[in-house]
Amino acid sequence: MVELLDVINVGILAAAIRMATPIVYAALGGMFSERVGVVNIGMEGIMLTSALGGVIVSYYTGNPWLGVVAAVAIGGLMGLVHAVVTVRYAGNQIVSGTGLNVLAMGFTAYMSQILWGSRGASESVASIEDITIPILSDVPVIGPIVGTHSPLVYLMPVVTAICYVVLFRTPLGLHIRAVGEHPTAAETAGIDVVRIKYMGVIVSGMLSGLGGAFLSLSHLNLFARGMTGGRGFIALAALIFGKWMPFGVLEAGLLFGFADALQMRLQSLGILPPQIILMIPYVLTVAVLAGVVGRAKPPSDYKPYQRE
Amino acid sequence: MKGAARRALRGAGRSSEGAVFQVAAILLAFTVGALVLYVSGYNPASAYVAMLGGAFGDVYGVGQTLTQATPIVFTSIAFLVSSKAGLFNIGAEGQFLVGAFASALAGIYLAGLPWALHIPLALLVGAAAGGAWGLIAAVLKTRFDAHEVITTMMLTYVADYLTGYLSNYPFKAPGWVSQTVKIGASAELPRILPPTQLSAGILVALALVASTAYLLRKTILGFELRAIGLNPSAAESAGININRGVMAAMLLSGAIAGLGGACEILGVHRRFIEGFSPGYGWDGLAVALVGGLNPVGSLLAAILFGALRSGGMIMTRSTKVPLDIVIILQGLVIVFVAAPTFMKSLLRRGRR
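Sequence lines, in order, name chains A and B.
In case it helps, the working numbering puts the first sequence at residues 389 to 696.
In case it helps, the working numbering puts the second sequence at residues -9 to 342.
Just so you know, the hints here were simulated from the structure itself, not pulled from any lab data.
Hints may contain errors.
Within a straight-line C-alpha distance of at most 25 Å, the following computed DSS-like cross-link-like pairs (lysine-lysine) qualify [claimed, not checked]:
hint, chain 1, residue 1, chain 2, residue 2
1, A, K631, B, K131
2, B, K131, A, K691
3, A, K631, A, K691
Given the sequences, and given the hints that come with them, work out the whole structure.
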């Protein structure tokens, strides 16, 4: 008989925080996009492309941090493509996002084959080392959970806080929220709606790119085909579950990260089918949308904005 | 009121200039694809020739192309039907999987029935299961105002893991592979072009294309769905029950996707295998748009996507070009059809 404490131990909680990181970054990105009125379901593809881009740069320079910078830049570029299609040309947001996902799936595997001769995985590259926080890591129980992690993990709550401040404590944040909730009124008030929309969608790409970089340059040290494994979609779920709020997103990301870690642990123990655990984030999100676990209402109606 | 709605519908039905734009999007995608091939050191012309030859060059190629196209015809018509009612059912993949699994169970456990009864019954079970899965999103929308894009997407992942669980645990066949046992011989849709895998499922698909065109153009239900899609408030004041229309559209859309899953299992795989769908449901969305949201257009676009898959495999064997160029081409087509105004401005510039 497996005891509960064998399953829920400090190891799994540390893993939960690790697995939450890419989800939280992408979901925070998605928050900016949705707050300016554009759904970005292309985050999965953006994460994947950035994961590859980061590995390529680290492969040729030997510096994983340059890889992270490249991943964020690539994410921003793909966000720009999504913005051009959906804002400039008022194209369909879902179709554009789906296109980016399919394109990324094909392009990353193609590049991996060209560069390393394998569509499965790249060679291993220099990656970001974990750091240990001196005093914190010695505290019993808490130390092993939060004491040693990648710098990108420690950056996660900082970025969340920055997102909160930008969104709710600055004029820019006010503009972002106004554009999402009432674009016509925002335009009348002198806000450049199109510029703010571009900005929001590009930021969603950059943060998704950061999430992708975490996967390939910190969690692992290589690129593997389809390595995002649906985390871009989980991020979308976390965004809804977190009710489009920065700290809500952080909590939802941690919860879904925990589900991911639990699934891996249970699979290795072989006591509960992993599929059941993997299903949980999606079932929870549907439940939230149905109002079973608190109501969730999006911050905009996602219609393309046309100047009159 | 009804007269006005009818006039609006008539105007929206014309899309001859649309076809130009779809073809332009496809050509542009192949041009960019050629560039990708050229930059990475391959000869685009020989790759495309090999792909085309593999997909249509002989009877075997045509058979495999149509085999690959069949499931996408179903999923694209599923998307099309929902979109006519103004709904964005992007969860055809989930409905397809649920339908596939349910029909596999019907194929296994009803074995012994005469085939004339067993095949239609198994197809019906698949359609019913897919329809029920689609209906969940409709209920969430009408009762709780939850957007169908998100719910159908989330439910697709639930369906994926659910069928994965069922084929790995309660219904797993002995052995290492995550699959069910074979369906009874009486439930097998016949193969119509051996040695290819092309099954009578393509005939079901063709019948579906014809009946969808009929449904949308000539029936009251089709009229109501299109009226809701074009202008819900006008439709409502004309006495059309919106909630009922949403339910009907999602039920129908899910059932069509589920029927596609059933045809794939009964005709091609003859058992449920975890991960047997390489994303036919997601392809459906793209194919419906490339086909200009028109049933016959869906059929043609599905054949194009089927040809990419089957021809791509031949191309990889003979020219060593990575198979993933096919996925890149699909992605490019989708991005270009997403922005009609972009394509139109490009066409205008080209004419000057």
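So, going through the hints one by one against the coordinates:
| no. | hint | verdict |
| --- | --- | --- |
| 1 | A:K631 - B:K131 | 18 Å, holds |
| 2 | B:K131 - A:K691 | 18 Å, holds |
| 3 | A:K631 - A:K691 | 19 Å, holds |
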